[in-house]
Structures are given as structure tokens and as C-alpha cells.
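*Asks:* Residue-level listing of the chains:
Number of protein chains: 2
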Amino acid sequence: MNRVSSYDIMNEILERWSPRAFDPKAVPDNDVMAVLEAARFAPSCFNEQPWRFIVGSRDSGNEKWVSNHEKVLSLLNETNRRWAEKAPVLLIILGIKAFEKNGKDNFWHLFDSGTAWGFLSLEAQRRGYVTHGMGGFNKQQTGEVFSLSEELQPIAVIALGRHGQTEELPEDLRERELPGSRKPLEVLIL
Amino acid sequence: MNRVSSYDIMNEILERWSPRAFDPKAVPDNDVMAVLEAARFAPSCFNEQPWRFIVGSRDSGNEKWVSNHEKVLSLLNETNRRWAEKAPVLLIILGIKAFEKNGKDNFWHLFDSGTAWGFLSLEAQRRGYVTHGMGGFNKQQTGEVFSLSEELQPIAVIALGRHGQTEELPEDLRERELPGSRKPLEVLIL
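Residue numbers (the working numbering), protein chains in the order written: chain A, 1 to 190; chain B, 1 to 190.
It is possible that some hints are incorrect.
For identical chains, the list gives no copy identity; a pair is met inside one copy or between any two copies.
Within a straight-line C-alpha distance of at most 27 Å, the following computed BS3-like cross-link-like pairs (lysine-lysine) qualify [said to hold, decoys possible]:
{"hint": "1", "residue 1": "K104", "residue 2": "K64"}
{"hint": "2", "residue 1": "K25", "residue 2": "K104"}
{"hint": "3", "residue 1": "K97", "residue 2": "K183"}
{"hint": "4", "residue 1": "K25", "residue 2": "K97"}
{"hint": "5", "residue 1": "K183", "residue 2": "K101"}
{"hint": "6", "residue 1": "K25", "residue 2": "K71"}
Please keep in mind that the hints were generated in silico from the structure rather than gathered at the bench. Given the structure is predicted, the values throughout are model-derived calculations rather than measurements.
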């Protein structure tokens with residue numbers, strides 16, 4: 001772990017990072033549900049909860065989740081697919097563009113969906129899993145493959161599973177297999 | 001607490017909600033820094049960390065933070081100001097619209113900023129504070145008051161402090177002073 005903090009912060013936050021090395025071992029459906037449950041409790045503008053999930057889980061007891069895993073994998077950019085194909089769970093997080101309450105554009109749908117993803121990632125960490133969010137996938141094709149209505153905005157694919165071995169990654173990815181650095185706090189405060 | 005979960009999830013997630021009753025007691029600068037530090041470790045697309053913060057803290061040792069508190073308060077909608085004026089800390093979270101790496105639009109800047117806000121809210125919860133995010137503020141005026149460059153997108157104002165007494169809220173707000181309900185998980189999974 002190359003992360004240090006000058007402040008005592010939640011372990012799950014300090015220790016969470018986004019590895020590419022995934023162990024293909026199945027994630028029980030109950031754990032998948034639990035991380036989605038964590039996302040469910042995120043706050044949102046007018047409590048709209050403008051996040052939705054497509055669940056792909058290769059070894060699930062749920063047949064739809066099994067077939068979704070293959071579909072989600074097919075939507076990833078090649079750069080992501082080469083490592084993410086090992087991940088036993090692949091989720092898509094989607095935002096709802098308009099407010100249910102009045103049909104107007106919801107400026108905060110992406111922001112709120114990001115909060116839900118943050119909660120999901122920390123509950124996964126607490127349960128001993130790693131997560132890796134990816135923007136590199138075909139958003140338009142996602143709408144087609146899953147017959148999504150126009151109001152749904154695919155945002156990111158999330159790989160979920162146990163952390164694997166760096167040595168099993170393609171060679172060029174091994175050096176990058178470290179927690180990312182962060183800008184100094186002073187830069188983030190205007 | 002009217003929240004129940006069928007899954008064992010992180011206490012900070014289950015117990016966090018967005019009260020309006022704030023205790024005006026000061027939040028030490030060190031706690032403000034710690035919740036921002038939690039936000040700092042959020043994941044983001046290409047690790048761009050496209051979130052920035054304006055800190056307003058009424059009783060801070062930092063004079064800029066003291067004067068920011070008054071400015072942020074003046075930017076709130078009247079509906080929010082009537083309860084949020086008690087909150088000792090008022091933060092603005094802003095997103096950076098374009099990628100630093102290539103200047104192109106960063107589709108994920110709101111999403112990633114939402115993740116940072118989620119981490120901030122949970123670290124606050126862990127430290128015994130409550131938070132309440134607000135979309136109801138004057139975004140254009142925010143740019144003027146703080147002389148922000150065009151690339152910075154004000155997203156939300158966050159009230160931070162200790163939980164106050166419901167009885168001290170304006171009468172019409174007391175009934176709503178409860179954790180919000182959530183849609184069933186089945187609705188969130190497509």
C-alpha cells in the first residue's frame with residue numbers, strides 16, 4: 001500500500017483502490033445484493049434515487065445474471081476486456097436523466113449515481129472484495145443489447161471480485177498494478 | 001431510525017441520513033480537513049480527481065473559511081437557508097468539466113464528484129457528524145461570488161455539523177425530519 005494519510009480516515013476508504021488483477025472465483029449472490037443494498041441507501045436530490053443496475057455474474061444462481069455477464073463483457077473496450085474478463089461480477093450503473101416527480105432534466109443524476117457507486121465500492125471493500133470502475137465501454141450498444149429506454153444513461157461498468165495475483169495480468173499491466181496517487185489536499189480546496 | 005436492511009451493511013451507510021436540524025456548535029478545522037481527505041481518495045476516471053471544494057466554516061481559525069461561510073449561505077435558496085443557516089460548515093463541491101490530460105469533455109466529472117461526496121459523507125458520519133447535500137443554490141452567482149473559471153461547475157452545497165434538535169426547526173420542517181425511505185432493491189436492478 002503506497003497510500004498515506006495525515007488524517008485518521010475510514011479504513012475502507014484509505015485501503016480501497018482499483019486493481020486490474022481479479023481472482024475468477026465466484027462472488028455469492030448474497031454479497032452482490034449486499035453491495036447493491038449499500039448503493040440503495042445513498043442520498044440523492046429530492047430522494048429520486050436516479051441509479052439503476054444491470055447485474056452480470058458469471059457463476060450466479062440467477063440465469064439472467066449469468067447471461068448478462070457475457071453481454072457486459074462484450075460491451076467493454078478491448079483495453080478493459082483483457083483484464084476484466086476474469087472478474088466474476090460485472091455491473092453496469094445507469095442514471096435516470098429526468099426527475100420522476102416532474103419530468104424535468106435532473107442535473108444531479110450523474111452526481112447522485114456516483115455517490116451510490118461510492119457506497120457500493122466501500123461495502124465491497126468491507127466484505128473483502130475489490131472493485132474497478134470503467135468508463136471504457138460502448139454506451140450506445142449498451143442501450144441496444146439491453147433494450148434500454150432513452151431515459152436511462154449508461155455511466156460505468158464496475159468489475160467486482162476478489163483481488164487476484166499481479167503475475168497473472170498481461171505483462172504490460174503489471175507495473176500499473178498499484179493504488180493510484182492523489183493530488184495534495186491543498187490543490188482540491190479552492 | 002426507520003431504516004431496515006435485509007443485508008448486513010456498513011453502519012455508516014445504514015445510519016447516515018440528511019437531517020435539517022443542525023447544532024450550531026463549531027466543527028474543528030481538523031475534522032473538516034479529514035472529511036475532505038476522505039473525498040480525496042475517491043476513485044475517478046483516469047484518476048483525474050475532477051472535484052474541488054470551497055470551504056465555509058463559521059468558527060474556523062482560517063479567516064477565508066469564515067468569510068466563505070457567509071458567502072455560501074447567501075447563495076442558498078430561501079428554502080434551504082432557513083435551516084442551513086445553523087450549520088457551522090457549508091461546503092461547495094465543484095466539478096472540473098474537461099479532462100486535464102487532453103482538454104476534452106469529461107463525461108464522468110459529475111459522477112466522480114458524487115463518489116467523492118459519498119466518501120465525505122461517510123467519514124463525517126463516522127466522526128459523529130451529519131451532512132445534508134443541497135442542489136438548491138444559485139450556481140451562476142457562485143461563479144461570480146468566488147470568481148470561478150468557466151471550467152469549474154458548482155454542483156452542490158453540503159451542510160456539515162452535529163445533529164441538532166428537531167424542535168428547533170421551523171414548524172413545517174419538523175414532520176419531514178426523518179431518514180428518507182428507499183425504493184425496493186428489486187426496482188433498482190433492471
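*Asks:* Indicate, hint by hint, whether the structure satisfies it.
*Replies:* Hints, verified against the model:
Proximity of K104 to K64 under the C-alpha cut-off of 27 Å is found in neither arrangement, the shortest distances being 32 Å within a copy and 37 Å between copies. In the homo-oligomer, the alpha carbons of K25 and K104 never lie at most 27 Å apart, since the shortest distance is 43 Å inside one protomer and 38 Å across protomers. For the identical chains of this complex, K97 and K183 are inter-copy neighbours only, at 17 Å across copies versus 31 Å inside a copy, given an alpha-carbon limit of 27 Å. Proximity of K25 and K97 under a CA criterion of 27 Å is satisfied in neither setting, with 35 Å inside one chain copy and 38 Å between copies.
Proximity of K183 to K101 under the C-alpha cut-off of 27 Å is restricted to the inter-copy arrangement: shortest distance 14 Å between copies versus 38 Å within a copy. In this assembly of identical chains, the alpha carbons of K25 and K71 lie at most 27 Å apart only when taken from the same copy (19 Å versus 52 Å across copies).
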